[in-house]
Amino acid sequence: MLERIEEWLPPNLRAVTSRLPAKVRDSAEEVRVREGRPLEIVYGGGYGFLNADGSLGPLPDSAYRPSREDCVRLLELLTNHSVYSFEEELKRGFITVRGGHRVGLAGRTVLEHGKVKQIRDVCGFNIRLARELKDTGKAVLPRIMDAEARTVHHTLVVSPPQAGKTTLIRDLARLISYGSWPSHLPGEGRKVGIVDERSELAACERGVPRFDVGPRTDVMDGCPKAEGMMMMIRSMSPEVLIVDEIGREEDAEAVREAMHAGIRVIASAHGRSPEDILKRPALRGLAEEEFFGRFVVLSRRLGRIGVEAVLDAKGRPIPAPESIPSVVRGKG
Amino acid sequence: MKCMIKLIGALCIVFAGTMLGMYQSLQLSARPRQIRQSIQCLQRLETEIVYGVTPLPQALHAVAGAASGPLRSLFEAASRGLMGKEAASMREAWEEAMASNWSHTSMKQAEKEIFLQLGTLLGISDREDQMKHLKLAVRQLQGEELAAAEEQKRYGGMWRSLGLLSGVLIVILMY
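So the protein lines, in turn, are chains A and B.
Counting in my numbering, the first sequence runs from 1 upward without gaps.
Counting in my numbering, the second sequence runs from 1 upward without gaps.
No lab work stands behind these hints, which were simulated from the structure alone.
Among the hints, a few may not be true.
For each label pair, taking beta carbons as the anchor points, the in silico distance ranges come out as [unchecked claim]:
#: 1; chain 1: A; residue 1: 262; chain 2: B; residue 2: 128; range: 42 to 48 Å
#: 2; chain 1: A; residue 1: 116; chain 2: B; residue 2: 96; range: 32 to 38 Å
#: 3; chain 1: B; residue 1: 23; chain 2: A; residue 2: 113; range: 17 to 23 Å
As a list, the in silico BS3-like pairs of lysine-lysine whose alpha-carbon atoms are at most 25 Å apart [stated by the list, open to error]:
#: 4; chain 1: B; residue 1: 132; chain 2: A; residue 2: 117
#: 5; chain 1: B; residue 1: 112; chain 2: A; residue 2: 91
#: 6; chain 1: A; residue 1: 115; chain 2: B; residue 2: 132
#: 7; chain 1: A; residue 1: 23; chain 2: A; residue 2: 134
To spell it out: a stretch of chain B is covered by chain A in this simulated footprint if at least three of its residues, at any positions, have a beta carbon under 8 Å from a beta carbon of chain A; those stretches are [unchecked claim]:
#: 8; segment: 117 to 130
#: 9; segment: 133 to 142
Remember, predicted model here, so these are calculated numbers, not experimental data.
Glycine is no exception: its CB is placed at the ideal position from the N, C-alpha and C atoms.
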């Protein structure tokens, strides 16, 4: 896994990470670079500090400490030697690199009219490895399906960070687009529209998705969610619209608009449970109006992508497909 | 016969002297021209960066495409250095490109300093900042261009006649 991001690491850091044991390299999730502080790697649920010889330790004392030079170089490589072309990203605090890997940035901010203009002196990097796990959506799709309409219910995926929201909805997009419905439905794909504000879902390169998101999928890359959803509705006639991490008032408004236009929406939001979502002012309205027909709750403790529960609009759990009696199943 | 060989030798010396003078004066006239070209290149680079927001490797490539002669190879080499698999930093790629291409230009140390300085600054800041650095480099080059043009006016003709005359002088001394 780690080799996918190593082309962006400056030689000094790469020398350290390349000596890591294969097991750690394969299960790596995050590489955290902090100037003057120990180099950290998060893998398979745990973490460790990297020593210069590539061994891992729980103690930061003997760990490799990236220098100023390392950090400057890392930023240069991440931005393709063109910091100036990443002004918007530096304002928002993260860069998405080729392959959909997201790099969070921290440092000293420069303000203009009281708003963050950009991050200068970037000295903290969180390199998150994107992974395409196909078929993670297979277990979820039957439970969010609207068999009568031959599509999906409006679905909100709720999960704390790092539990696989993005991976799950990416795979749902792929399955719906290919028409890989569970066996008793004819394999008819739906037109899918993805609004990918952070280039994480489809990992577009010049607008072309690098992840397999399905043959009937259109992607609006790098576009603000609310605006992108409206553009999609107006121009691309999607049947299912997929957005990641909604949370602002205008996002909710756009979701509402899409739903009124007869488009099914699959969205994700940060939270531990649907009740959490209810507390967020922007999303409360949506939840109260019972717009969403399904809530998928993910959690980290059940393995990498653990589906804790699938609930319907009233909060009643939808059982996993194997426990659905065959009579009900035949209805589709 | 001996006289004949002597005459041919003398002609050769005069010819060589003239050519040497011509070459020197050509260098003098090439310098302001190349500085002018560099200014155009940097202005183009500024447009690519500030208005086109083109990533640096592609921007350098575009600049190379519009340039000619040694400047073209310089920008081309820098662009190639950045696009290579073994990710070099801009500074390294630029210094390498300068090392292998600068000697083919007629420009002097002052211009080299400006170019090298620029290499440490390109790409590492926001657009506003990049614009300032590029504008400053252009202004410095314009100063050098004036000086170079002045020098050419003053010494261009001198070198040409000096070459011929020194050739003749050597011949006279030899006879």
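Indices of hints not satisfied (ascending): Those not satisfied are hints 3, 5 and 9.
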